[in-house]
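Number of protein chains: 2
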Amino acid sequence: MRIVCTKSELVKSTSIVMKAVSTKTTMPILESILIESYNDTIKLTGNDMEMGIETLVKGIIDEEGTVLVEAKMFFEFVRKMPSDEIVIQSNDNQVILKSGKSEVKLAVKDKNEFPVLPDIVKSNMITISQFTLREMIRQTIHSISTNESSKLMTGELFEINGDELKVTSLDGYRISIRKVKLKESYPGIKVVIPGKTLNEITKIISGGIEDDVNIYFDEKNVLFEFDDTIVMSRLIEGEYYKIDQMLSGDYETKITINKSELFGCLDRATLLIRDSEKKPVVLNITDGVLRLELNSTLGAMDEDIEIIKNGPDIMIAFNPKFLMEDLRVIDDDTIDLYFINSKAPFFIKNDEGSYIYLIVPVRLDAVI
Amino acid sequence: MRIVCTKSELVKSTSIVMKAVSTKTTMPILESILIESYNDTIKLTGNDMEMGIETLVKGIIDEEGTVLVEAKMFFEFVRKMPSDEIVIQSNDNQVILKSGKSEVKLAVKDKNEFPVLPDIVKSNMITISQFTLREMIRQTIHSISTNESSKLMTGELFEINGDELKVTSLDGYRISIRKVKLKESYPGIKVVIPGKTLNEITKIISGGIEDDVNIYFDEKNVLFEFDDTIVMSRLIEGEYYKIDQMLSGDYETKITINKSELFGCLDRATLLIRDSEKKPVVLNITDGVLRLELNSTLGAMDEDIEIIKNGPDIMIAFNPKFLMEDLRVIDDDTIDLYFINSKAPFFIKNDEGSYIYLIVPVRLDAVI
Numbered sequence: 101m102r103i104v105c106t107k108s109e110l111v112k113s114t115s116i117v118m119k120a121v122s123t124k125t126t127m128p129i130l131e132s133i134l135i136e137s138y139n140d141t142i143k144l145t146g147n148d149m150e151m152g153i154e155t156l157v158k159g160i161i162d163e164e165g166t167v168l169v170e171a172k173m174f175f176e177f178v179r180k181m182p183s184d185e186i187v188i189q190s191n192d193n194q195v196i197l198k199s200g201k202s203e204v205k206l207a208v209k210d211k212n213e214f215p216v217l218p219d220i221v222k223s224n225m226i227t228i229s230q231f232t233l234r235e236m237i238r239q240t241i242h243s244i245s246t247n248e249s250s251k252l253m254t255g256e257l258f259e260i261n262g263d264e265l266k267v268t269s270l271d272g273y274r275i276s277i278r279k280v281k282l283k284e285s286y287p288g289i290k291v292v293i294p295g296k297t298l299n300e301i302t303k304i305i306s307g308g309i310e311d312d313v314n315i316y317f318d319e320k321n322v323l324f325e326f327d328d329t330i331v332m333s334r335l336i337e338g339e340y341y342k343i344d345q346m347l348s349g350d351y352e353t354k355i356t357i358n359k360s361e362l363f364g365c366l367d368r369a370t371l372l373i374r375d376s377e378k379k380p381v382v383l384n385i386t387d388g389v390l391r392l393e394l395n396s397t398l399g400a401m402d403e404d405i406e407i408i409k410n411g412p413d414i415m416i417a418f419n420p421k422f423l424m425e426d427l428r429v430i431d432d433d434t435i436d437l438y439f440i441n442s443k444a445p446f447f448i449k450n451d452e453g454s455y456i457y458l459i460v461p462v463r464l465d466a467v468i
Numbered sequence: 101m102r103i104v105c106t107k108s109e110l111v112k113s114t115s116i117v118m119k120a121v122s123t124k125t126t127m128p129i130l131e132s133i134l135i136e137s138y139n140d141t142i143k144l145t146g147n148d149m150e151m152g153i154e155t156l157v158k159g160i161i162d163e164e165g166t167v168l169v170e171a172k173m174f175f176e177f178v179r180k181m182p183s184d185e186i187v188i189q190s191n192d193n194q195v196i197l198k199s200g201k202s203e204v205k206l207a208v209k210d211k212n213e214f215p216v217l218p219d220i221v222k223s224n225m226i227t228i229s230q231f232t233l234r235e236m237i238r239q240t241i242h243s244i245s246t247n248e249s250s251k252l253m254t255g256e257l258f259e260i261n262g263d264e265l266k267v268t269s270l271d272g273y274r275i276s277i278r279k280v281k282l283k284e285s286y287p288g289i290k291v292v293i294p295g296k297t298l299n300e301i302t303k304i305i306s307g308g309i310e311d312d313v314n315i316y317f318d319e320k321n322v323l324f325e326f327d328d329t330i331v332m333s334r335l336i337e338g339e340y341y342k343i344d345q346m347l348s349g350d351y352e353t354k355i356t357i358n359k360s361e362l363f364g365c366l367d368r369a370t371l372l373i374r375d376s377e378k379k380p381v382v383l384n385i386t387d388g389v390l391r392l393e394l395n396s397t398l399g400a401m402d403e404d405i406e407i408i409k410n411g412p413d414i415m416i417a418f419n420p421k422f423l424m425e426d427l428r429v430i431d432d433d434t435i436d437l438y439f440i441n442s443k444a445p446f447f448i449k450n451d452e453g454s455y456i457y458l459i460v461p462v463r464l465d466a467v468i
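As you go down the protein sequences, you meet chains A and B in turn. Mapping to my numbering: the first sequence position 63 is 163, numbers consecutive. Mapping to my numbering: the second sequence position 146 is 246, numbers consecutive.
The hints are simulated quantities; they were obtained by calculation from the structure and are not laboratory data. Computed from a predicted structure; not experimentally measured. Please note that a few of the clues may not be correct.
Same chains, same names: a pair is fine if it fits in one copy or spans any two.
Stated by the list, open to error - The calculated lysine to aspartate or glutamate pairs, modelled on DMTMM-like cross-linking and capped at a C-alpha distance of 20 Å, are:
1) Lys172 to Glu213
2) Lys266 to Glu319
3) Lys180 to Glu203
4) Lys378 to Glu176
5) Lys198 to Glu406
6) Lys107 to Asp367
7) Lys124 to Glu300
8) Lys251 to Glu337
9) Lys198 to Glu361
10) Lys198 to Glu393
11) Lys172 to Asp375
12) Lys107 to Asp402
13) Lys201 to Asp387
Bound conformation, chain A alone (with noise of 0.2 Å):
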């Protein structure tokens, strides 16, 4: 094999691949990428067994070929060439990259033991812009399990309904909740995605309004597919969690807050919590007023935010938290909370139904 390709090219393409490539694994085979050159097509792949990322680099084909690479090595290399072109050769036994007056030779692995990537059947698809996809992951992926035990909590249902896609996370302390309408209907779907894979989209897509992505699903994998690149990804297998039942919407209490200062307010709350207490914070809301209180052995806190409150008074506690990240992710200036009794789950929603984040709240006598 002999190509030749600029250097931010095959940087660029090379940073995508990466985000595949496994870097704690005991198959060292799965630490590289592998490049093929035919008919004037060059791709790069990475795979790492639960997700595969295949790339399209722009280049010239001297002669045909494919090569196994360490990745790291060669993703180093590659970026710290002197000049703008880079040219790849290799044989049997190695592969060469020059540049300028560089020439480095690394050593090339078994392109026969690297894993191909799955054929997925292309019936099921939907079509999405980057920005969209995008801002559905980042406005939900923080309420995801990290616990391996609940596989289900680790990834993101996705459903399809007619023009609607619904994106739900939860890690049984608290879900997130996000609806979008896509521009065309499709027939119904409904999967889970790992949130590894989900994550590592929004680092790649390019995140533009007028950029779309393809979504095909089957029955075990997800692809992804986008400018020159495609991401397959395994699903997570298994009945999701039925929730419906918690998201009835009623409530007793309804308030209307200004979420930066909700944000600030329990900001400074946390600094008087000790990292190993995990003490929940008490909301006590009354007429026109949430007031936050908090004793601590580091110190005490008391304040005061106007709000608009319809139904009763109640107090309420909480990790403090888990609401911090959902408000993130909210880009409302002013948000709707809502809540039923104080061991009922609340929520923040907005009137238009396109966001319901609902947390748990903590059982107020285990606290005063």
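Following the hints, position chain B against chain A.
Frame of chain A; chain B shown alone:
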């Protein structure tokens, strides 16, 4: 005590004294900030016993007084207070921070236990621009030692002779020297200032060419005075290393080389050296060409750089990180390297003599 300050002023001043607040200490009293408000002056002090910082804060004193607070918690709350104005009020048991509708109470510590900064005799003094002082430190601090068993190597030698300031640092493998002309002449001074103090100074001073620093010296301490701040530090005691003999300036071979090309070449070479190996690079210098060849378990590299050479050919081996760290702080595009033989230290210096960087080589017969 009762004072009123703007949030921005308080954040700025607190962040300065935080540099002298202990984070890892067996003496919790050193994790504090002393706030003193007397005679229209509000002063913050931090002191970790090696370095002490005092800075003035603009503000209104409603009631004079002194209070000692836990530094980290105080700083975090000051940064996160909701309003632009912060009231600090104290009694014997607590300090109360008020800002907007937020009120926070923190415990106070016994102010009598806080160590006062030592007095310094302000007889020996020099004046230097903040910009120059910061540059002198930045360009030499990389070659101090972090090994506390050679205490003198953890500091930098500051020598004043007439109107010249010379700063020297060394770690047993290399030496960095910078010289600069001062605006006035001063009596001779020779002291070793701790590297930690110098590092913190570069973070605090604004670095303007028009802004001066006064530096006072006595037998045991050094005091930097600038803007509304003083930084006091213990000196490192002892006789500094005699290195004049190594700096005779004699050489056999001189080369002139592009700094960026040499840096890039070394940077690529280090990719092929595992941290655990500490393998040196070998430069092969012949007429017009510097060649770097490297073979390691990770791969091979071969690179030529054009040079101007005077004197005999030479091969020399050394730790590439040392030379890279020197090149990073040299601003010239083209530099001169001087070699005696493959066993003697080689050095970089400019014609004006404002810098010398010396590196001890690795024995060639141990490499090849």
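Hint check:
1. Within a single copy, Lys172 and Glu213 get their C-alpha atoms as close as 18 Å, which meets the 20 Å cut-off; across copies the closest is 54 Å, which misses it.
2. In this homomeric assembly, Lys266 and Glu319 come within 20 Å of each other (Cα to Cα) only inside a single copy, at 19 Å, whereas the closest approach across copies is 72 Å.
3. Proximity of Lys180 to Glu203 under the C-alpha cut-off of 20 Å is restricted to the intra-copy arrangement: shortest distance 12 Å within a copy versus 53 Å between copies.
4. For the homomeric pair Lys378 and Glu176, the shortest alpha-carbon distance between copies (19 Å) is at most 20 Å, but the shortest distance inside one copy (42 Å) is not.
5. For the homomeric pair Lys198 and Glu406, the shortest alpha-carbon distance between copies (17 Å) is at most 20 Å, but the shortest distance inside one copy (66 Å) is not.
6. For the identical chains of this complex, Lys107 and Asp367 are inter-copy neighbours only, at 17 Å across copies versus 44 Å inside a copy, given an alpha-carbon limit of 20 Å.
7. In this homomeric assembly, Lys124 and Glu300 come within 20 Å of each other (Cα to Cα) only inside a single copy, at 16 Å, whereas the closest approach across copies is 37 Å.
8. With identical chains, the CA atoms of Lys251 and Glu337 are at most 20 Å apart within one copy only, with a shortest distance of 9 Å there and 61 Å across copies.
9. Proximity of Lys198 and Glu361 under a CA criterion of 20 Å is satisfied inter-copy only: 15 Å between copies versus 57 Å inside one chain copy.
10. In the homo-oligomer, the alpha carbons of Lys198 and Glu393 lie at most 20 Å apart only across protomers (14 Å), although the nearest pairing inside one protomer, at 65 Å, exceeds that limit.
11. With identical chains, the CA atoms of Lys172 and Asp375 are at most 20 Å apart between copies only, with a shortest distance of 15 Å across copies and 36 Å within one.
12. For the identical chains of this complex, Lys107 and Asp402 are inter-copy neighbours only, at 19 Å across copies versus 57 Å inside a copy, given an alpha-carbon limit of 20 Å.
13. Taking the shortest Cα distances, Lys201 and Asp387 sit within 20 Å of each other only across copies (17 Å), while inside one copy they are farther apart (76 Å).
Comparing the model with each earlier hint shows no violations; every hint is respected.
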